[in-house]
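For the record, the sequence lines run as chains A and B. Just remember that the working numbering sits 155 ahead of the position in the first sequence, which is counted from 1. Just remember that the working numbering sits 996 ahead of the position in the second sequence, which is counted from 1.
Just so you know, these hints were derived from the structure itself, not from any lab. The C-beta atom is built at its ideal place from N, Cα and C for all residues, glycine as well. Hints are not guaranteed to be accurate.
Calculated cross-link-like contacts (lysine to aspartate or glutamate; reagent style EDC-like; alpha-carbon spacing at most 20 angstroms) [stated by the list, open to error]:
hint, chain 1, residue 1, chain 2, residue 2
1, A, Lys293, B, Glu1150
2, A, Lys192, B, Glu1161
3, B, Lys1147, B, Asp1159
4, A, Lys386, B, Asp1168
If you only want the chain B side, here are some residues facing chain A, beta carbon under 10 angstroms, derived [unchecked claim]:
hint, residue
5, Thr1092
6, Glu1150
7, Val1171
8, Gln1262
Chain residues, written in single-letter form:
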Amino acid sequence: MRTKQTLLALLMLLVCSSLMFAGTVSGKVTYTGTPAKQKPIDMGKEPSCAKQHPTPVTNETVVTGPNNALENVVVYVSSGAPDDGQVPAQAVTFEQKGCQYLPHVLPMHVNQELKITNDDQTSHNIHPLAKVNREWNKSQPPGTPPISEKYDKPEFISVKCNVHPWMHGYFAVLTTNHYDVSKGGGDFKLPNLPPGKYTITAWHEDYGTQTADVTITGNETKDVNFTFKAKAY
Amino acid sequence: MGKIFAVTIAIIAILSAIPIVMNYWGPPADISTHGSAIDEQMHETMWEAGVSFLAAQLVLALFVWQFAGRGKNDKLKTFPGGAKGLVIAAFLLVGTEILALGVIGQKAWATVYFAAPDKDALTIQAQAGQFAFYFRYPGPDGKFGTLHPDKIDEGNQNFFGLDPENDVASRDDIVAGELAVPVNRQINLLMHSKDVGHSFYVRELRIQQDFVPGLDLAVHFTATKTGQYEIVCTQLCGLGHYNMKAYLNVLSQEDFDKWLKDKAAQ
């Protein structure tokens, strides 16, 4: 009995300490140079989608914000993460709306449920071009229930629609739950990191990857910034 | 019973001829310089085939009527040695008919496909791929950039596989999802397939031409009426074939120049 109580107390202490000393890695992703011009998308062949965009949308390969901020960069803990292998019970959702993918880049954990929905009045054929995982493509007519899938190996997967050539997105299948995607200001935040040594990786679909090593010693916020070199074409 | 059958044959033949004779489902108005020759040829073919069809059906009905009341023991007429004369006559008649249609029709077809385009024709490249058409204009330098299939990146809107980084000629190429053309100017359309067989069909232009992978064909036409017309793929090309279309926008010269300028600025 005594041993059981002691063990419980020790466990409580361990949980509390890890919560008390939860560090955060945060920062900004920016670019230098001039990025290629993103061209407006002509959706003329799909009038039901074209009319949802009074001003045509552009392709989203390089999305920038003010002060050289770079969006859609997946920043994640690529080594040292404390929760490797913990698959979240909640599914992530990939939406097809107005003949675009929302979000453009979708991070998820290995084996996490991926739900794909079609909100459009037209059929889509979703085709993730997986190379490490099993490749598939599925048709989804309007009004059909979401497609449920999962990936069992980490991989960055380019996603296209076999019906609408301009549609493009990415799945980022990771082995960690410590990830973020840079938004409008290029900001990202990786909270709840217990003390330890970590490698942080930033991935952009056109500009490649960068890594940075950080050491968290206690309840602190470490600044890590990534700067990518823009390509003119 | 046999007489009812004979009358039915005659009625079906006449009823089916009515919509064709009355032109109920005629083609849409022609908007090309060469289309009238094709329409004329179609009209002629329909007339000759229609008259032959009606004649054959009515003769059939007549014979059915005539021999309808034949008793069980009545003797059948036989043709000892075969109906050689009749067969040869039919062969010559039908053969001459088809040959004549072909020879006369040749002029309608050859003006589009065999004649060289005018020197001042506007060259546009059409690319068909699963499941959309894209069109490329050479830009101010008048030159198309070279195609690099390995550079095709549809998510980045590089549908043709251009290499603007290294190829200067491709930098000003204009790529559009619609085919905009100036009215009353000859267009020389270079047909390029990205993947499988497709077809370019505009009813109002009276043009239907296949895209053949690995073979760059060309077709030329002059549109004579401004407006928007549908371009559809008429060669079964896969899952999204039903949805493979684009629009032909025939614009006045001023509108076309403006359109081209706007596209170049994008």
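Hey, does the Glu1150 of chain B contact hint survive, CB to chain A under 10 angstroms? Because about 4 angstroms separates Glu1150 of chain B from the closest Cβ in chain A, which is inside the 10 angstroms limit, the hint holds.
Please verify that hint: Thr1092 of chain B, Cβ, nearest Cβ of chain A, below 10 angstroms or not. violated, 46 angstroms
For the pair supplied as a hint, Lys192 of chain A and Glu1161 of chain B, is the alpha-carbon distance within the 20 angstroms limit? With a Cα-Cα distance of about 13 angstroms, the restraint between Lys192 of chain A and Glu1161 of chain B holds, given a limit of 20 angstroms.
Taking the least C-beta to C-beta distance, is Val1171 of chain B closer than 10 angstroms to chain A? Status holds, d = 8 angstroms.
Restraint check for Lys1147 of chain B with Asp1159 of chain B, where alpha carbons must lie at most 20 angstroms apart: holds, 7 angstroms
Going by Cβ atoms only, is Gln1262 of chain B closer than 10 angstroms to chain A? At about 6 angstroms, which falls below the 10 angstroms cut-off, the nearest Cβ of chain A leaves the hint on Gln1262 of chain B intact, so it holds.
Next pair to validate is Lys386 of chain A with Asp1168 of chain B; report whether the Cα-Cα distance is within 20 angstroms. At roughly 18 angstroms apart (the allowed maximum being 20 angstroms), Asp1168 of chain B and Lys386 of chain A satisfy the hint.
Measure nothing beyond the straight line between the CA atoms of Lys293 of chain A and Glu1150 of chain B; if it is 20 angstroms or shorter, mark the hint as holding. holds, 19 angstroms
Of the numbered hints stated above, the single one contradicted by the structure is hint 5.
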